[in-house]
Amino acid sequence: MNWLAIRAIYSVEMARFFRTIWQSLASPVLSTVLYFVVFGAAIGGRIQSVEGIAYGAFIVPGLIMLTVLQQSVSNASFGIYFPKFIGTIYEILSAPASFLEIVAGYVGAAATKAVLIALVILVTSFFFVGVHIAHPFWMVAFLILTAVSFSLLGFLIGIWAKNFEQLQIIPLMVITPLVFLGGAFYSASMLPPFWAGVARLNPVLYLISGFRWSFFDLADVPVGVSLFAVALFLLAGLFAVWAIFRTGWRLRG
Amino acid sequence: MPSIIEIRDLSKVYAGGTTALSEVNLDIAEGEILALLGPNGAGKTTLISIICGLVTPSAGQVRVGGHDIVSSYRAARALIGLVPQEISIEPFERVINTLRFSRGLFGKPRDDAHVERVLRALSLWDKRDSMNKELSGGMKRRVLIAKALAHEPKVLFLDEPTAGVDVSLRREMWQVVRELRAAGTTIILTTHYIAEAEEMADRIGVIDAGRLKLVRDKTALMQEFGRKRLTVELTGPLDALPASLEPFELALSPDGTRLVYSYDTRAERSGIARLLAAIASAGLSVRDLVTEQSSLEEVFLGLVEEQA
Ligand SMILES: Nc1ncnc2c1ncn2[C@@H]1O[C@H](COP(=O)(O)OP(=O)(O)OP(=O)(O)O)[C@@H](O)[C@H]1O
Ligand SMILES: [Mg+2]
Numbered sequence: 000m001n002w003l004a005i006r007a008i009y010s011v012e013m014a015r016f017f018r019t020i021w022q023s024l025a026s027p028v029l030s031t032v033l034y035f036v037v038f039g040a041a042i043g044g045r046i047q048s049v050e051g052i053a054y055g056a057f058i059v060p061g062l063i064m065l066t067v068l069q070q071s072v073s074n075a076s077f078g079i080y081f082p083k084f085i086g087t088i089y090e091i092l093s094a095p096a097s098f099l100e101i102v103a104g105y106v107g108a109a110a111t112k113a114v115l116i117a118l119v120i121l122v123t124s125f126f127f128v129g130v131h132i133a134h135p136f137w138m139v140a141f142l143i144l145t146a147v148s149f150s151l152l153g154f155l156i157g158i159w160a161k162n163f164e165q166l167q168i169i170p171l172m173v174i175t176p177l178v179f180l181g182g183a184f185y186s187a188s189m190l191p192p193f194w195a196g197v198a199r200l201n202p203v204l205y206l207i208s209g210f211r212w213s214f215f216d217l218a219d220v221p222v223g224v225s226l227f228a229v230a231l232f233l234l235a236g237l238f239a240v241w242a243i244f245r246t247g248w249r250l251r252g
Numbered sequence: 000m001p002s003i004i005e006i007r008d009l010s011k012v013y014a015g016g017t018t019a020l021s022e023v024n025l026d027i028a029e030g031e032i033l034a035l036l037g038p039n040g041a042g043k044t045t046l047i048s049i050i051c052g053l054v055t056p057s058a059g060q061v062r063v064g065g066h067d068i069v070s071s072y073r074a075a076r077a078l079i080g081l082v083p084q085e086i087s088i089e090p091f092e093r094v095i096n097t098l099r100f101s102r103g104l105f106g107k108p109r110d111d112a113h114v115e116r117v118l119r120a121l122s123l124w125d126k127r128d129s130m131n132k133e134l135s136g137g138m139k140r141r142v143l144i145a146k147a148l149a150h151e152p153k154v155l156f157l158d159e160p161t162a163g164v165d166v167s168l169r170r171e172m173w174q175v176v177r178e179l180r181a182a183g184t185t186i187i188l189t190t191h192y193i194a195e196a197e198e199m200a201d202r203i204g205v206i207d208a209g210r211l212k213l214v215r216d217k218t219a220l221m222q223e224f225g226r227k228r229l230t231v232e233l234t235g236p237l238d239a240l241p242a243s244l245e246p247f248e249l250a251l252s253p254d255g256t257r258l259v260y261s262y263d264t265r266a267e268r269s270g271i272a273r274l275l276a277a278i279a280s281a282g283l284s285v286r287d288l289v290t291e292q293s294s295l296e297e298v299f300l301g302l303v304e305e306q307a
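Protein chains in written order, with numbering that gives the first Met the number 0: chain A, 0 to 252; chain B, 0 to 307.
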């Protein structure tokens, strides 16, 4: 293992994050506050509680997931797209480093950023609602697994993208809708049976459900299924990256 | 001397169908400077990119320090430093950090003393805390060289290192290259400046249309082609060479008014005095004398045109 290569990539990526730390944090925190105001205050006035949980608290896991997914995908996709765009990727590709080491550096950094932002949002939410975390260990585990899985997805998008539009389109057109339809702001049990069935085809539902379980001990799907879904997602991402480095697709001429 | 790079039957056909390399065979000795010459699109960058792992070969093998570049890519790549043709550099990073990054990427532990040596050698020490985007083009190119040297490679590839670099800086870079060679680094450089190849290289390779046309010792090449021609213009045409001039192996121009004598500039005696004496005693009168020397450039153009 070329640990020094992983560390080199990881620390450069983290340095970029800390260079712009206020921008990196301000925008997710601001939008979270807006969600609390709009969903918590406006809608929460009508929906008193969901399955016995105050609506304001109920949406906290969904909000955090929304941010983790967006941040993971955009950080990781930008992280690998930028060197591709400016040409400095030649150095990464000519280094004595395997795909695992390169991925570990980029995805590790993107996931770390996403988790840090998630924790900041969690702390922010304490100012608005009383949130009790039933299973702190699993809360962190879900957070990290999700951040890593979606950073992998972002890494793939960054390699696939040929321009900035393509870089933006997946987070905008795919991730955000999946989170909204995945029960970020409601329980799937509130949907009519047919739509509840459709919602189960959405992989993000399993993440949000598992994550919400770690907070409130209640879930749309069994927590084991959620864990299995995240693990599956992670493996699929790793396999795709492995295949890309093996064939050199969009990386090597 | 042992070969540090062995290239066997290497070919590359790009996805679009362009054949960039055809069955290239080349051995590069440890510690030498090899200059690759060739017109635009000849395949020089492709050759370098394959060895460095940026482009996958279509056929053939390459070994660096005995390690296959595909099956033992780690060992092979750890020996190599690459300075690409295009200036690609992280704009927002500081010079010294980009060097530390390169070193780490190649699996070497942090060594500030080495990084400082490299930066000083390339006259970049004063700029170590500048952001890369604040540097001039020539400085950026030197940062790329510094990055390639940060992990102490045994083989250095310089893809057109002096393109767009002013004359004094070019001399400075040549000096750096000489010092590296003195320290035992093998250097492969590509260039369009024949003078550069002539000045720097131990051996010269000419690539054209994906084929390695020739690889020769520079001195041998210069000797072979570094001959001078003396053209003797006569006042009147000759039908045939007089027998007394035969030993000089002269060529007579078709119109019979010029005699062309070739001689080696390095030979102890050029034979010109004897030739002129022989011409005089043969009763010929001379109108003018012209001497010309073939340069590497002519050799190179000759080879390339031969193909066309
Ligand atoms: N990524 C690529 N995809 C398709 N064709 C390519 C690619 N890179 C190079 N080529 C083609 O391969 C051939 C060799 O290109 P290469 O860059 O190796 O030439 P070169 O000798 O370095 O030229 P120059 O002196 O202009 O740098 C050219 O015909 C070029 O168009
Ligand atoms: Mg080139």
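Keep in mind that a hint or two might mislead.
DSS-like cross-link-like pairs, simulated, lysine-lysine; straight-line CA separation at most 30 angstroms [unchecked claim]:
#1 B:Lys126 - B:Lys107
#2 A:Lys83 - B:Lys126
#3 B:Lys107 - A:Lys83
#4 B:Lys126 - A:Lys161
#5 B:Lys107 - B:Lys132
#6 B:Lys217 - A:Lys83
#7 B:Lys139 - B:Lys153
Derived from the structure by calculation, the hints contain no laboratory data.
So, going through the hints one by one against the coordinates:
no.	hint	in the structure
1	B:Lys126 - B:Lys107	23 angstroms, holds
2	A:Lys83 - B:Lys126	26 angstroms, holds
3	B:Lys107 - A:Lys83	24 angstroms, holds
4	B:Lys126 - A:Lys161	34 angstroms, violated
5	B:Lys107 - B:Lys132	26 angstroms, holds
6	B:Lys217 - A:Lys83	38 angstroms, violated
7	B:Lys139 - B:Lys153	22 angstroms, holds
When held up to the earlier numbered hints, the structure conflicts with 4, 6 and fits the remainder.
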